[in-house]
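Colleague: Sequence:
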Amino acid sequence: MLEIRDLKLTLNGKPILDGLNFAVEKGRIHGLLGVNGVGKTTLANLLMGISYPDKGSIVFEGQDITRRDISERARMGITLAWQEPARFEGLTIREYLRMNRHLSPREANNFLWMVGLPPADYLDRGVDTSLSGGERKRVELACVMAMKPKVAILDEPDSGIDVVSLPHIMNAIAEMGKRGSAVLLITHGEEAVNVADEILIMCAGRIINHGPPQAMCEWFRGNCSTCKHIGQPDLEGA
Numbered sequence: 011m012l013e014i015r016d017l018k019l020t021l022n023g024k025p026i027l028d029g030l031n032f033a034v035e036k037g038r039i040h041g042l043l044g045v046n047g048v049g050k051t052t053l054a055n056l057l058m059g060i061s062y063p064d065k066g067s068i069v070f071e072g073q074d075i076t077r078r079d080i081s082e083r084a085r086m087g088i089t090l091a092w093q094e095p096a097r098f099e100g101l102t103i104r105e106y107l108r109m110n111r112h113l114s115p116r117e118a119n120n121f122l123w124m125v126g127l128p129p130a131d132y133l134d135r136g137v138d139t140s141l142s143g144g145e146r147k148r149v150e151l152a153c154v155m156a157m158k159p160k161v162a163i164l165d166e167p168d169s170g171i172d173v174v175s176l177p178h179i180m181n182a183i184a185e186m187g188k189r190g191s192a193v194l195l196i197t198h199g200e201e202a203v204n205v206a207d208e209i210l211i212m213c214a215g216r217i218i219n220h221g222p223p224q225a226m227c228e229w230f231r232g233n234c235s236t237c238k239h240i241g242q243p244d245l246e247g248a
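With this note's numbering applied, the sequence shown corresponds to residues 11 to 248, in that order.
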């Protein structure tokens, strides 16, 4: 559904993405796992059209969208959930969810339940600083689900949240895959990627290993978590 072909990007003379190749498929959750500073968020911005690569291409449903802007990609069904969700003073959660004009009140309620937020307690609350970090991320994820995206790019949905919120977030991500969305779950935390169908391990702007969650998490612990030269993998074949 979404193909990344030989993406390259250099900033201030430093290669950030160095020939990145992989595909995100309909109805599957792909975990992109890597320590901080290896280019994961930069990649998310490229996929959403916030910035553009120096070389390579991004192909969505057979169309080259490498130079399409963020609005065009959103209309095509690509959505990005930010690592730090925005807060909107004066906007209620009900109004935020109903930005999808085709969403019924019943569906809005269901999406809140999916992320563990009782609608009666949350629909009329503001999308503002009164929400905790975990609540805000759950609201953001409910909104992404309400958009019914073809591709959902989730940038560190597990970052900085409380232990109560994490299971709800992971269950909601699993539900997105079941509903047919292609999900790219970007994280540096092994716990989050257990919900994925496949794990891609990223370092130095490229994929250095991939496979099933359990095997890749063990490999990541043994090779990346203890690495003292981040961004310069010293691995045979990497």
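Any given hint could be a false lead.
Below 27 Å or equal to it, Euclidean Cα-Cα: the simulated DSSO-like pairs (lysine-lysine) are [claimed, not checked]:
| hint | residue 1 | residue 2 |
| --- | --- | --- |
| 1 | LYS36 | LYS24 |
| 2 | LYS160 | LYS188 |
| 3 | LYS18 | LYS65 |
| 4 | LYS24 | LYS65 |
| 5 | LYS160 | LYS65 |
| 6 | LYS36 | LYS160 |
| 7 | LYS36 | LYS65 |
| 8 | LYS18 | LYS188 |
| 9 | LYS188 | LYS158 |
| 10 | LYS36 | LYS158 |
| 11 | LYS18 | LYS160 |
Everything labelled a hint here was simulated from the structure, so no lab data went into it.
Colleague: Taking the hints in turn, state whether each one holds.
Modeller: To see whether the hints hold, each was checked on the structure:
{"no.": "1", "hint": "LYS36 to LYS24", "result": "violated (33 Å)"}
{"no.": "2", "hint": "LYS160 to LYS188", "result": "holds (12 Å)"}
{"no.": "3", "hint": "LYS18 to LYS65", "result": "holds (5 Å)"}
{"no.": "4", "hint": "LYS24 to LYS65", "result": "holds (15 Å)"}
{"no.": "5", "hint": "LYS160 to LYS65", "result": "holds (25 Å)"}
{"no.": "6", "hint": "LYS36 to LYS160", "result": "holds (7 Å)"}
{"no.": "7", "hint": "LYS36 to LYS65", "result": "holds (25 Å)"}
{"no.": "8", "hint": "LYS18 to LYS188", "result": "violated (32 Å)"}
{"no.": "9", "hint": "LYS188 to LYS158", "result": "holds (12 Å)"}
{"no.": "10", "hint": "LYS36 to LYS158", "result": "holds (13 Å)"}
{"no.": "11", "hint": "LYS18 to LYS160", "result": "holds (25 Å)"}
Checked against the numbered hints given earlier, this structure breaks hints 1 and 8; the rest are met.
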